Amino acid sequence: MNAPVKPGAFRVEALLPTPPADAIIRFEAVGKTFAGRDSQEPVTALAGIDLVVPRGSIVGVIGRSGAGKSTLIRLVNGLERASSGRILIEGEDVTNLTEAGWRERRRATGMIFQHFNLLSSRTVFDNVALPLEIAGVPRAKIEAQVSRLLALVGLSDKRERYPAELSGGQKQRVGIARALATEPKVLLCDEATSALDPETTRSILALLKQVNRELGITILLITHEIPVIKEICDRVAVIEGGRIVEEGETFEVMTRPRHPTTASFVEAVTGVEVPDYLAGRIHQQALAGDHAVLRIAFTGENATTPVISRLSAVIGVDVNILAGRIDAIGDKPFGSLLVSVPASEPELAAVFGALKSLDLKAELVGHVS
Amino acid sequence: MSPELIRLIIEATGDTLLMVAIAAGLGTALGLPLGVFLATSKKGELFAAPAVNAVLGALVNATRSTPFIILVVAIIPFTRLIAGTSIGTFAATVPLTVAATPFIARLIEGAIREVDQGLVEAARSMGATPLQIVRKVLVPEALPAIVLGLTLALVSLLGFSAMVGAVGGGGLGDLGIRYGYQRFMPDVMAIVVAVLIVLVQTVQSVGDRLSRRLNKRLRHA
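Listed in order, the protein sequences are those of chains U and G.
So the first sequence is numbered by the working numbering: it starts at 721 and just counts up by one.
So the second sequence is numbered by the working numbering: it starts at 4 and just counts up by one.
Note that these hints are calculated values from the structure, not bench results.
Some clues are possibly wrong.
[Said to hold, decoys possible] So the derived label-pair ranges between C-beta atoms look like this: (1) S914/U with P36/G: 36 to 42 Å; (2) R1001/U with D119/G: 49 to 55 Å; (3) N816/U with V203/G: 37 to 43 Å; (4) A65/G with S803/U: 39 to 45 Å.
All figures in this text were calculated on a predicted structure; none of them were measured in a lab.
Virtual Cβ for every residue (Gly too), placed ideally from N, Cα, C.
Could you build all of it, start to finish, from the sequences and the hints given here?
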């Protein structure tokens, strides 16, 4: 029997929290332990990993070498198997998949590598054709598909060349074309730009972004380079000692790092160091007539406000810029400034008060006379 | 030099080439899969079977550590079983093949092990089966090294073939011993040595050139 629909019924649904974005990959309490060599203790590579990769996003996992990120990414295509927990890919539990089952899955998951891993004995064309040959695609279809992909990565004129004749950036483009050959839904990037110079890195990252936006391919990447995260990742997870210590939207994590590891990664790109000429002269105890050295962080909206002039106006003193770095994460500006203000102990409280009123985060580095 | 001697030298060269060709052909046919298996069957590898690997490895070592002239005599019953007789050029190909197979297997194992493991991982990430990895990645990538290994095997076989005269195997070595040494004909000995040198040089330079042509790693843009 049908109950009459009450006019207010839809309101209730509208008040419910919006369902989480469709997860294409989901790690649930995943652990990985490697048997120790000989009589040594087993090594725990990953412990209690919970991670969601939303469909269509670019998610970066950053960590230092040995943090477990390589193991993590290899769990997604079964090159490593989880010791505990479960992994869901498109809602399917793949934790206990057989090797044959994994082979099927891997054809729907592309992967690119730090050292490209192209076959030296095959031409560019034949390298890109390899996954299609493996999948048993007929030759005529291979021809069309490979030509299309080489055009996408801008290497149509190199099809008959061998990898040894290509630059690093070109090799990675071949790697990307090869990874996309079987039209996967997910692309795994294993330190894909770590062997490339900064300029080539940018062009490869731009290509990955294009692949993500235009083809709708979800990208999970691992890296130890914060610029990679900053440049293209929608979300970032920081991994250390086999655990994810911080995870969230890239801008949030980078501008408000909560974990020391995150902070040190972020420092490397957006932090400003005290210049050498000044470092030796900084002392912690304020003397009369000293200038206070402050580090001010800009995030989001306030990064575009005229901070220096406002600060001068509020505290009534001149602000001297010593060093600075303004950058963008995605399309949001972010940065920090190192400034000195003529203020010793009593006036400092007023300066900090003024900064706070402008919603800026600041810390006292020291004093210079 | 008499036409008779020239005929003998040509015949002996033919016998040597025939023995070496058959032994190298069969040795490669048997040694290639054996070498691939040895290179891929240790713990954690594509066709992991550590016990079988250990047994085959020991067998290969045993064969390789037996001096060839002793091997020839030691396997006479086996030679008779295969060839129906234990003497003559055809029968001599049996010990030659038995010696060549483990030698070639080790050379191929070495060549395959030199292939970057990253390529194996890349192929696995594409969903390749172990057999596809062997056929499409390991063997093609190892081919320049395999060709060099086979060249080395051919040169060694030319040397081994000189010893099968001991069981009536014929060929250049046999001619050198019977005419050059036992009948005191130094000119025959000199010609035998010269022909062997030319054969080895030819095999080596053809092998080198082929390997270089197959090696696409050395090209520069």
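Structure-based check of all given hints:
1. Taking the beta carbon of each, S914/U and P36/G are about 38 Å apart, inside 36 to 42 Å as hinted.
2. At about 52 Å, the CB distance of R1001/U to D119/G agrees with the hint of 49 to 55 Å.
3. Separated by about 58 Å at the C-beta atoms, N816/U and V203/G break the suggested range of 37 to 43 Å.
4. A beta carbon spacing of about 40 Å between A65/G and S803/U agrees with the range 39 to 45 Å that was offered as a hint.
In summary, the one numbered hint that this structure violates is 3.
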